Amino acid sequence: MQKMKHKISLLLASLLLPFIGLAQEMSSEPQMADAFRSDGKIYVVIAVISIVFICLIGYLIYIDMKLKKLENRK
Amino acid sequence: MIKWWKITAALLILYTLVWGMLTPVPHLNILYETIRNLFYHVPIWFAMLFQMGLSVVFAIKHLSKNDIQSDMISNQAAQTGLFFALPGLLTGCMWAKFTWGTWWTFEDPKLNGVAIAVLIYLAYFILRSSIDDEQKRARIAAVYNIFAFVMMFVFIMILPRLTDSLHPGNGGNPAFGKYDLDNNMRLVFYPAVIGWVLLSLWILDIKKRLTFLTHAKNEA
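Chains as they are written, first to last, in the numbering used here: chain Z, 1 to 74; chain W, 1001 to 1220.
Keep in mind the hints are simulated off the structure, nothing from the lab. As the structure is a prediction and not an experimental result, all values here were calculated from the model. Take the hints with a grain of salt, since some may be wrong.
As the list claims (entries may be wrong) - What follows is a set of in silico ranges between Cβ atoms, one per label pair, in the way DEER data are often shown:
id, chain 1, residue 1, chain 2, residue 2, range
1, W, 1182, Z, 13, 58 to 64 Å
2, Z, 13, W, 1023, 30 to 36 Å
3, Z, 54, W, 1164, 37 to 43 Å
Beta carbons: idealized from backbone N, C-alpha and C, even for Gly.
The following block holds chain W by itself, in its conformation from the complex:
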């Protein structure tokens, strides 16, 4: 049967889809009702960061244990993470158009950082596909993965905080401060984060099992 945490993921997200539309939210200029995008846009990025984190953890595990399974999971997690960047970017563009007035702006360090991070991970897949030997590919990919994760973290989480950014929680002020999130929104936002992280885990679980099956079939 389907595991309990998968059902939890579905129920949590369903709850945020319904209650996220209905819950009272602060009335803010410019944002108006789009403040509800917080429940849908931000958790997607949390799921992406979570997958990239998993990817680097399994890369390190591969380097220490030298097992090919960890490398496969690491690869699949990076793929899942990159997939989540797509709806993250698209919803961000949509939100930006109707609040900041533009689909994309290079004025914002967070947007630049995300663009660079996506390119870094695309390079990871190109690197993987260019090496035929399984062991060699796994090791080089794992080392690059550590580099990629650190760079992504610097570009998305650190640099935007050092300069001015249009994103809340950057340019000095802490994210999720009392001005950004009231208690009504917390009741939706935190379940949304957990729900989307679990959903990304579900997708990774399916991709991982599929990869193992394919690998076993190729070995036989």
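This is chain Z alone, in the form it adopts within the complex:
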């Protein structure tokens, strides 16, 4: 009986251990959007700067158009 238990646990271990290794390997793998995570995630900074600048320019365009409307009114 005792021998049987040992055999089953060994069988289970031999079946599961490779999967544990695989799971570890999977968790150490980087997640999605690899390009944005490379080079110390500098691309994220660039994206943030670009968004800020585009918003600013959008606001400038908005002011410009509004001014044009005022100029055309008279």
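For chain Z, the structure is supplied; the task is to place chain W on it using the hints.
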């Protein structure tokens, strides 16, 4: 619609924001990655100098033609230029802290010169606001503007070159020499200068139109 050169300004700066971070740069001691600040700090000052130049050109135009529009543009350009001195100074302080080790140093003639130039232009606005008569204000301001521009040019561009300075391109050695700027950096730096100058023009355009509108409304 929005004029083409305004869109060009936006696209050029956007390009320098992205590629300025990615382009290969020379590996230099002390500077390290902060060498990329060249793409953002220096063009701001170019825009400031450009606006002050415009301001003095319109001041002279006012003196010769005696039209009030030129005086308004001259005033607005000086305001825009002074505004650009603010991010210029702040980014300079930041850069200085992490390369020279201090936010501000009176050892550097360029920093002293900029401080004096800013004060000279602040005096220009105080002078303007102290005269009520429009024609009189325009003429006196124009004359002072010429003086202010010459002084600024001497303090920022000439005196720092005559003595030792922490800034590159001063203390005898020419700016943008082959040791300061490699070809990769030129590809970002020159578009950045053009982009920021055009952006300052855009801001001046909006301020000018607003001033004209207000003036027309006050006249009516």
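Evaluation of the provided hints:
1. W:1182 x Z:13: 58 to 64 Å: This hint holds: roughly 60 Å between Cβ atoms.
2. Z:13 x W:1023: 30 to 36 Å: violated (54 Å)
3. Z:54 x W:1164: 37 to 43 Å: With a Cβ separation near 42 Å, residue 54 (chain Z) and residue 1164 (chain W) satisfy 37 to 43 Å, so the hint holds.
Checked against the numbered hints above, the structure violates only hint 2.
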